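Participant: Here the protein sequences come in this chain order: A and B. If you count by the numbering used here, then the first sequence holds residues 4 to 271, one letter each, in order. If you count by the numbering used here, then the second sequence holds residues 4 to 271, one letter each, in order.
To be clear, the hints were calculated from the coordinates, so they are not data collected in a lab. Since we're looking at a predicted model, the values are computed, not measured. Misleading hints may appear alongside valid ones.
Identical chains blur together in the list; that is why a pair holds if it fits in one copy or across any two.
Said to hold, decoys possible - Under the rule of at most 20 Å between Cα atoms (straight-line distance), these lysine to aspartate or glutamate pairs were calculated in the DMTMM-like manner:
id, residue 1, residue 2
1, Lys-164, Glu-137
2, Lys-52, Glu-265
3, Lys-221, Asp-60
4, Lys-221, Glu-199
5, Lys-164, Glu-53
6, Lys-221, Asp-55
7, Lys-164, Asp-95
8, Lys-221, Asp-69
9, Lys-52, Asp-131
10, Lys-117, Asp-248
11, Lys-52, Glu-237
12, Lys-39, Asp-131
13, Lys-164, Asp-84
14, Lys-221, Asp-236
15, Lys-117, Asp-55
2 protein chains.
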Amino acid sequence: MSAKIVHNGVFLLPVQRIAIIGSGNLGVNLAYSLEKAAGLDFAGIYGRKERDFRGSDWQVRIQRLDTRLPQADCYFLALPDDSLASFTASFDFGDSLVVHHSGAKALSEIESAKHTAVFYPLQTFSADRIIGLEDVPVFLEATSAPTLRDLENLAGALGAKTHHANSEQRLRLHLAAVLANNFSNHLIYLAQNILEGSGLAGDSLNPLLEETFSKALKIGAFDAQTGPARRGDENTIARHLGLLDTPALRTLYRHLSDSIIETYSNKK
Amino acid sequence: MSAKIVHNGVFLLPVQRIAIIGSGNLGVNLAYSLEKAAGLDFAGIYGRKERDFRGSDWQVRIQRLDTRLPQADCYFLALPDDSLASFTASFDFGDSLVVHHSGAKALSEIESAKHTAVFYPLQTFSADRIIGLEDVPVFLEATSAPTLRDLENLAGALGAKTHHANSEQRLRLHLAAVLANNFSNHLIYLAQNILEGSGLAGDSLNPLLEETFSKALKIGAFDAQTGPARRGDENTIARHLGLLDTPALRTLYRHLSDSIIETYSNKK
């Protein structure tokens, strides 16, 4: 895994034949990118059940993984976090590179294999909305410098922007992603739910959401903050609390407001 | 305020000469839209202090409001919620229309005036990022049907999309906007803060944020939900909680995760 060959102008990677194990949201998105990448040999995507996966402009056959691994230089383990260790221990990967994609698990999680690395794309993936890796920041970690270089080349061939992060930094990235993505998405669900419960169209919020996120990216979320908590308007906060149906939602609203109040009382 | 005149193809509104009182985020954004609208006579924007406000492609002179109101058919009160009632009571608006823009205050807040209405744009406004009202959903309420029609015409001339909402519905809209906009923005700030504290670039989150909101709008936030809480992955939740610095942040993380767990245990 060290010599680099250029053939007919196509850059051939030392890690060239890649198989994906796992056919969930991440697996099928990675399959899309690997199949479209030039200079890589996609050895297929493997899951528990054989089936055809159809994207809007693309399809791929998911093969059944039996007791034998397909032949590959590199295995992408697009598996649930908690099955990474036991899956890795149950196969002999020989000299092939074994890669996991988890934000929350350390590189050592798959240490039963000889050559290991992490390829963590900071993005949210859904099987019913396939996206490429272009412009996705991918955070890499590997047990050796040559493996890290191989992985950088591989990520480059997929169009991803690479950075390095050790296992603890990656867990912080994952935490940040959960706050910014999973929790924001849930708040949007709660908001859409309130509108629908009031006989108002849920999509009335769309222009607001577009502006919110465009603004947070452009001027930074600290400066973009507005609203009753930012102004310390306890009167409006009390009236909102009065509208919320459950103690759990009222507690959530109160804690988020207090966190905003606390943020702006300490800074600036 | 009822006859409609068409002059040289320009639709002249019965409510034609509009003055804005208040030169904060909302006031200057409304001034931009009113000054650019055809068929309306913008009587100017008034605040506590005289000054020139400069947007990127536009500027306006903010005039000082003394003891006398400028002459207008309609006054937009772009004032803090808590000063709406006392401001309205301290002037004689005669037969002119008095309009407030608050999501949280009832129409009755300004009942000391003779003709009153609410024009609530469901959008977040900043003075350093001026936007037009095109495509902004504006929720209207008025004390009489003719006033409501006048207001609809006025909102139409500003390019806004109009809907009707009574004072209680509007408070729910405002609550939904706080959840979806203010609270999401704060979570993005917390996420950017975690990255910066770990020596990682805060803008690494940008592609994730773009995908999150594009997905929530396209397939709905309920179906777009991913993450440890959605999967019930208490192991990862515990590791994230271990990284958070303060009891307040840990409480916030726990409540948001529980709200997601609760949402998906009851439905689907």
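Participant: Are the CA atoms of Lys-164 and Glu-53 at most 20 Å apart within a copy, between copies, both, or neither?
Facilitator: Neither: 32 Å inside a chain and 49 Å across chains, both beyond 20 Å.
Participant: Within a copy, between copies, both or neither: which one fits Lys-39 and Asp-131 at a CA-CA cutoff of 20 Å?
Facilitator: within (18 Å within a copy, 42 Å between copies)
Participant: Between the shortest in-copy and the shortest cross-copy C-alpha distance, which are at most 20 Å for Lys-164 and Asp-95: within, between, both, or neither?
Facilitator: neither (31 Å within a copy, 62 Å between copies)
Participant: Evaluate Lys-52 and Asp-131 at a C-alpha cut-off of 20 Å and name the case that applies: within, between, both or neither.
Facilitator: within (18 Å within a copy, 54 Å between copies)
Participant: At most 20 Å between C-alpha atoms: does Lys-221 with Glu-199 qualify within a copy, between copies, both, or neither?
Facilitator: between (30 Å within a copy, 17 Å between copies)
Participant: Could you figure out if Lys-52 and Glu-265 sit no more than 20 Å apart (CA to CA) within one copy, between two copies, both or neither?
Facilitator: Neither, since 50 Å and 30 Å both go past 20 Å.
Participant: For Lys-164 vs Asp-84, is the C-alpha pair at or below 20 Å within one copy, between two copies, both, or neither?
Facilitator: Neither way: Lys-164 and Asp-84 sit 23 Å apart in one copy and 46 Å across, limit 20 Å.
Participant: Indicate which option fits the pair Lys-221, Asp-69 if close means a Cα-Cα distance not exceeding 20 Å: within, between, both or neither.
Facilitator: Neither, since 49 Å and 37 Å both go past 20 Å.
Participant: As a check of your reading, is Lys-117 near Asp-248 (CA-CA no more than 20 Å) within one copy, between copies, both or neither?
Facilitator: Neither: 54 Å inside a copy, 36 Å across copies.
Participant: Between Lys-117 and Asp-55, at a C-alpha cutoff of 20 Å, which is it: within one copy, between copies, both, or neither?
Facilitator: neither (32 Å within a copy, 68 Å between copies)
Participant: Cα distance capped at 20 Å. Does Lys-164 pair with Glu-137 within a copy, between copies, both, or neither?
Facilitator: Within one copy only: 7 Å inside, 36 Å across.
Participant: Checking Lys-221 and Asp-236: alpha-carbon separation at most 20 Å within a copy, between copies, both or neither?
Facilitator: Answer is neither; intra-copy 26 Å and inter-copy 33 Å both fail.
When the structure is compared with the earlier hints, violations turn up for hints 2, 5, 6, 7, 8, 10, 11, 13, 14, 15 and for no others.
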